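Going down the list, the protein sequences come from chains A and B. Straight run, no breaks: the first sequence in our numbering ends on number 142. Straight run, no breaks: the second sequence in our numbering ends on number 284.
Hints were generated in silico from the structure; no laboratory data involved. Predicted model only: the values in this text are computed from it and were never measured. It is possible that part of the hints are untrue.
Here are some of the chain B residues that sit facing chain A, going by a computed Cβ distance under 10 Å [claimed, not checked]:
1. Gly163
2. Asp167
3. Val177
4. Trp267
5. Thr277
6. Trp279
Stretch-level coverage of chain A by chain B, calculated; a stretch enters the list once three of its residues show a Cβ under 8 Å from a Cβ in chain B [as the list claims (entries may be wrong)]:
7. 28-34
8. 63-74
Selected chain A positions facing chain B (in silico; Cβ < 7 Å) [stated by the list, open to error]:
9. Ala11
10. Leu14
11. Val16
12. Ala22
13. Asp40
14. Arg87
15. Leu88
16. Val90
In this text, a Cβ means the ideal position worked out from N, Cα and C, and glycines have one as well.
Protein chains: 2
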Amino acid sequence: MDAVRIARMSAETLDVGAHVGAVTDAEHGAVTSFVGIVRDHDPDAGGEVVALEYSAHPDAEQKLREIAVSAIGETGALVAVSHRVGRLAVGEAAVVIAVAAPHRAEAFEVCRAVIETIKTDLPVWKRQVEADGTTAWKGLGG
Amino acid sequence: MDAVRIARMSAETLDVGAHVGAVTDAEHGAVTSFVGIVRDHDPDAGGEVVALEYSAHPDAEQKLREIAVSAIGETGALVAVSHRVGRLAVGEAAVVIAVAAPHRAEAFEVCRAVIETIKTDLPVWKRQVEADGTTAWKGLGG
């Protein structure tokens, strides 16, 4: 079975429990997860954020799968990863990653590698909507 | 509100989604989790495991809270952590940790620190039940 259990750009609410469940079995003793949450303020500018609008390149889902495969490498890990598109309210999950590995060191390393590479390489853009009506496009690396 | 949202020794099934939910808010942009799963074989001895029986010292819950507080340090992180006691079947979660932090580096570091310190310092013991009826006590550090 494919070691990438989920690799999805999704317009639906992301469920961390479902991602953890998708990688959990009796052969992998360690499961890690990462959830990126829409914050209520912009750490760069300090404005009050009310929503983020995510847009993705059509190839984003394929790129997400490649990021997972690359992070898994030779570790024997399993990965489930989803990234939201569309309008997200403050407090909602923008990205969810779950990783299972035989041992915890690899489970942490692969999970960290997936989120770091998403931040630099996944072709998604976000438009930040602030309380005063200001909007601003944020590129990769946000 | 207490930065340690949950610190519990539990005889009930552990729910990673509930732990993630207990630390998630709009001020903490990064949430990590760790789940330790009962594996179907003993990595040391190679026997087929059918169950683990966890026993805890009466002070374990207080120690679990201290481990969380110590891992949080000055990071501003929030932690929810539970450890099972009693008999666990293969594939069940023995420990669940969720950590929220303003940024992902701290979220990963605090989560890793909590599980590493649980492995060395939490006064729990496990008796391993193998398919052939053999049982063996496993101490801390397992």
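Do the hints match the structure? See the list:
1. The beta carbon of Gly163 of chain B is positioned within 10 Å of a beta carbon in chain A (closest approach about 9 Å), and the interface hint is therefore held.
2. Checking Asp167 of chain B against chain A by beta carbon gives a least distance of about 7 Å; that is within 10 Å, so the hint holds.
3. For Val177 of chain B, the interface hint holds, since its Cβ comes within 10 Å of a Cβ in chain A; the closest pair sits about 4 Å apart.
4. At its closest, the beta carbon of Trp267 of chain B sits 18 Å from a beta carbon of chain A; the interface hint therefore is violated under the 10 Å criterion.
5. Among the interface hints, the one on Thr277 of chain B is violated; its C-beta lies about 19 Å from the nearest C-beta in chain A, farther than the 10 Å criterion.
6. This hint is violated: Trp279 of chain B has a C-beta 19 Å from the nearest C-beta of chain A, more than the 10 Å allowed.
7. Requiring three or more residues with a Cβ within less than 8 Å of a Cβ of chain B, the coverage given for the region 28-34 of chain A holds, as 7 such residues are present.
8. Evaluation of the coverage hint for the region 63-74 of chain A: breached, as 0 residues show C-beta separations to chain B shorter than 8 Å, against a requirement of three.
9. For Ala11 of chain A, the suggested interface contact is broken, since its CB lies about 20 Å from the closest CB of chain B, more than 7 Å.
10. Interface hint status for Leu14 of chain A: violated, as the beta-carbon distance to the closest one in chain B is roughly 11 Å, over 7 Å.
11. For Val16 of chain A, the interface hint holds, since its Cβ comes within 7 Å of a Cβ in chain B; the closest pair sits about 5 Å apart.
12. For Ala22 of chain A, the suggested interface contact is broken, since its CB lies about 12 Å from the closest CB of chain B, more than 7 Å.
13. At about 4 Å, the closest approach between the beta carbon of Asp40 of chain A and any beta carbon in chain B falls short of 7 Å, and the interface hint on this residue holds.
14. Taking 7 Å as the C-beta contact cut-off toward chain B, the hint placing Arg87 of chain A at the interface is violated, the least distance being around 16 Å.
15. Proximity of Leu88 of chain A to chain B is violated relative to the hint, the smallest CB-CB distance being about 11 Å (cut-off 7 Å).
16. Checking Val90 of chain A against chain B by beta carbon gives a least distance of about 5 Å; that is within 7 Å, so the hint holds.
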